[in-house]
Amino acid sequence: MSTPHVLLGLLAGGTKHGYELKRAHDERLPQARPLAYGQVYATLGRLVRDGLVMPAGQERLAGPDRTAYALTEEGRTALDRWLSAVEPPMPHVNSTLFAKVTVALLVADVDRARAYLIAQRRAHTDRLRELTALKTATSSTMDDVVAADYAIAHLDADLRWLHTTLDRVADWHREVHP
Amino acid sequence: MTQLQARGLVKSYGPTPALHGITLDVAEGEIVAVTGPSGCGKSTLLHCLAGILRPDAGEVVWRDQRIDTWPEAARSRLRRTEFGVLFQFGQLVAELTAAENVALPLLLAGTGRRAARTAALTWLDRFGVAELADVRPGEMSGGQQQRCATARALVTEPRVLFADEPTGALDTLTGEQVLTQLVRLAREQRTTVVLITHEPRIAAYADREIVLRDGVIDHTGLGLDASLAGGAR
Numbered sequence: 009m010s011t012p013h014v015l016l017g018l019l020a021g022g023t024k025h026g027y028e029l030k031r032a033h034d035e036r037l038p039q040a041r042p043l044a045y046g047q048v049y050a051t052l053g054r055l056v057r058d059g060l061v062m063p064a065g066q067e068r069l070a071g072p073d074r075t076a077y078a079l080t081e082e083g084r085t086a087l088d089r090w091l092s093a094v095e096p097p098m099p100h101v102n103s104t105l106f107a108k109v110t111v112a113l114l115v116a117d118v119d120r121a122r123a124y125l126i127a128q129r130r131a132h133t134d135r136l137r138e139l140t141a142l143k144t145a146t147s148s149t150m151d152d153v154v155a156a157d158y159a160i161a162h163l164d165a166d167l168r169w170l171h172t173t174l175d176r177v178a179d180w181h182r183e184v185h186p
Numbered sequence: 352m353t354q355l356q357a358r359g360l361v362k363s364y365g366p367t368p369a370l371h372g373i374t375l376d377v378a379e380g381e382i383v384a385v386t387g388p389s390g391c392g393k394s395t396l397l398h399c400l401a402g403i404l405r406p407d408a409g410e411v412v413w414r415d416q417r418i419d420t421w422p423e424a425a426r427s428r429l430r431r432t433e434f435g436v437l438f439q440f441g442q443l444v445a446e447l448t449a450a451e452n453v454a455l456p457l458l459l460a461g462t463g464r465r466a467a468r469t470a471a472l473t474w475l476d477r478f479g480v481a482e483l484a485d486v487r488p489g490e491m492s493g494g495q496q497q498r499c500a501t502a503r504a505l506v507t508e509p510r511v512l513f514a515d516e517p518t519g520a521l522d523t524l525t526g527e528q529v530l531t532q533l534v535r536l537a538r539e540q541r542t543t544v545v546l547i548t549h550e551p552r553i554a555a556y557a558d559r560e561i562v563l564r565d566g567v568i569d570h571t572g573l574g575l576d577a578s579l580a581g582g583a584r
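Residue numbers (this note's numbering), protein chains in the order written: chain C, 9 to 186; chain E, 352 to 584.
With the rest of the complex left out, here is chain E:
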């Protein structure tokens, strides 16, 4: 079932075009990698799909509802409840502990303090950093911070996770551990993932790869299952 759609998305920054009419469908539970060289528009596409940016033209459709025309407050609510967003640098709140950071999206969505902390501890444990629950980001390594940020992005059990170069700042092994766990949990929970990366070996974790070039889709790579079955998408 199609969960998220872009239809003819166009976006420019002043005179600089970023997206030139992107159309794509993402199925529920699918892990899609969006790749391409620097400046090809992949982050802009993610921001439009997640409702952070409004496209100049075209539509973003979420479960049959057009969301790009929604007011900011409604899109913001959608990001708190249905979407999770994860960036290259975790962007944890420096003053809060790991558990408080992870509990934050739940508290904003109205969950009680005790239940939010319990869920936060569960998610920190899933990413192997339960012992850091009461530690602040400044006292953590980059890998530990990104594990906490990933736990925070998934704690609300979003239907879609938007991840922009989530392992880009990590060394190969740490990045791989974070990504492997992220993909494993997403598959278990049937969370849809839109993963931005410029690295082929990261894109290989996805079911499908969409390659952008100069704001348009250059080509689409098949997922492993589809390619083995000789299917076309």
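Next comes chain C alone, as it looks inside the complex:
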């Protein structure tokens, strides 16, 4: 995920200081890894350096002064460009799941690869259930639902791959070790 662009997007609606940006990030992307404060300020520093964001005054509530940040015209252009750019659809197949099964077949036997596939299938299924429970809870917000939808679709695809690969693994092993 491009944290700088997400921060630009969060600033598009008006100025915010670092703490507000962190909170908005975690709220809008509820299933993402929470943003560390250090990462927020380091990213803001780079965005200011590149002229995409500028300080917009100090604010003092209860506690230390907080710098508010605003999007510059250049920042808005960079955000528009990012939003218009199509992401390359899986240009490389570099999934850890895939690599692990390949290596298991290289260094061990078909049972080792199968055992991994079965264990991974179980972990994926458990996570799928957790996310399904999350999104069908009456308290779920649309942010929760859409984030869960995204993860569920990917887990579902992985599970189909795990099922199919379990069926193929013996033939695959024969090809790797003729």
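Please note that the accuracy of each hint is not assured.
Chain E is nowhere near these chain C residues, computed Cβ spacing over 12 Å in every case [unchecked claim]:
#, residue
1, Y45
2, R57
3, A161
4, A165
Quick list of the computed label-pair ranges, beta carbon to beta carbon [what the hints assert, rightly or not]:
#, chain 1, residue 1, chain 2, residue 2, range
5, C, A178, E, F440, 36 to 42 Å
6, E, Q540, C, G65, 54 to 60 Å
7, E, V412, C, A44, 55 to 61 Å
8, C, G22, E, S492, 57 to 63 Å
9, C, P97, E, A466, 53 to 59 Å
10, C, P97, E, T469, 29 to 35 Å
11, C, F106, E, S363, 38 to 44 Å
12, C, K108, E, T469, 55 to 61 Å
Please keep in mind that the hints were generated in silico from the structure rather than gathered at the bench.
Beta carbons are placed, not taken as given, at the ideal position from N, Cα and C, and that holds for glycine.
Knowing the structure of chain C, use the given hints to seat chain E on it.
Coordinates of chain E only, in the frame set by chain C:
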């Protein structure tokens, strides 16, 4: 409490075996997904459990009574009163309106016409299609038909709902809306659900997943609560 049991179910279609000795217990109020690849026997299992098919060997036990030996009329009565059945394509009666379709199982069970219509309207409303009460299936979308069919399957407030790929013909969002409501109402009423699906994301709505392969149970997935508690089933 165990409500429904299969004990060593065997079923073949001529020379083609479908079930090779399936044994499973379903608890009252449990939602069980039966999954597996095409031809693994999942629909045959559902038909045997629901008393639609008779197994060649083994037993189906419903609340401590063996039902697979019952005559067809008794099994048919059981399906009208205690069981609800829902298929991929709703199989609504084309000549009847939505309300008449949903009221039908109640009328067959002897409920009066007025009370049956009132209940039908309540169930159509629960699935968000009350405005279609006087519309015939031919004038509805697939999603609307399946909502009516689900209402019809639940209108008798069955103890067990057998659902065979109930969202298989619907787009993702419509299927999810129908399934979410079905699961929510089943949980509220403690209706046991046996849900056939080949999709992992549909099976994830269930408490437990039973995966069939070539007519036998390949493995059983734990429900969320059990897996979080580290329990085994």
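Results of checking the hints against the structure:
1. Separation of Y45 of chain C from chain E is adequate, the least Cβ-Cβ distance of about 31 Å exceeding the 12 Å criterion.
2. Against chain E, the non-interface label of R57 of chain C holds: every CB pair exceeds 12 Å, the least being about 43 Å.
3. Not every CB of chain E is more than 12 Å from the CB of A161 of chain C (nearest about 8 Å), against its label as outside the interface.
4. Chain E draws A165 of chain C into its interface by the beta-carbon criterion, the shortest separation being 9 Å against a cut-off of 12 Å.
5. Remark: the range hint 36 to 42 Å for A178 of chain C to F440 of chain E is upheld by a beta-carbon distance near 37 Å.
6. Distance hint check: the CB atoms of Q540 of chain E and G65 of chain C are about 58 Å apart, consistent with the given range 54 to 60 Å.
7. The hinted window of 55 to 61 Å between V412 of chain E and A44 of chain C holds, with their beta carbons roughly 57 Å apart.
8. Between G22 of chain C and S492 of chain E the Cβ separation comes to about 42 Å, which falls outside the hinted range of 57 to 63 Å.
9. With their beta carbons about 56 Å apart, P97 of chain C and A466 of chain E fall inside the hinted range of 53 to 59 Å.
10. Checked against the hint of 29 to 35 Å, the pair P97 of chain C and T469 of chain E fails, with Cβ atoms roughly 53 Å apart.
11. Checked against the hint of 38 to 44 Å, the pair F106 of chain C and S363 of chain E passes, with Cβ atoms roughly 39 Å apart.
12. Between K108 of chain C and T469 of chain E the CB atoms are about 58 Å apart, so this pair conforms to the stated range of 55 to 61 Å.
The earlier numbered hints that this structure contradicts are 3, 4, 8, 10.
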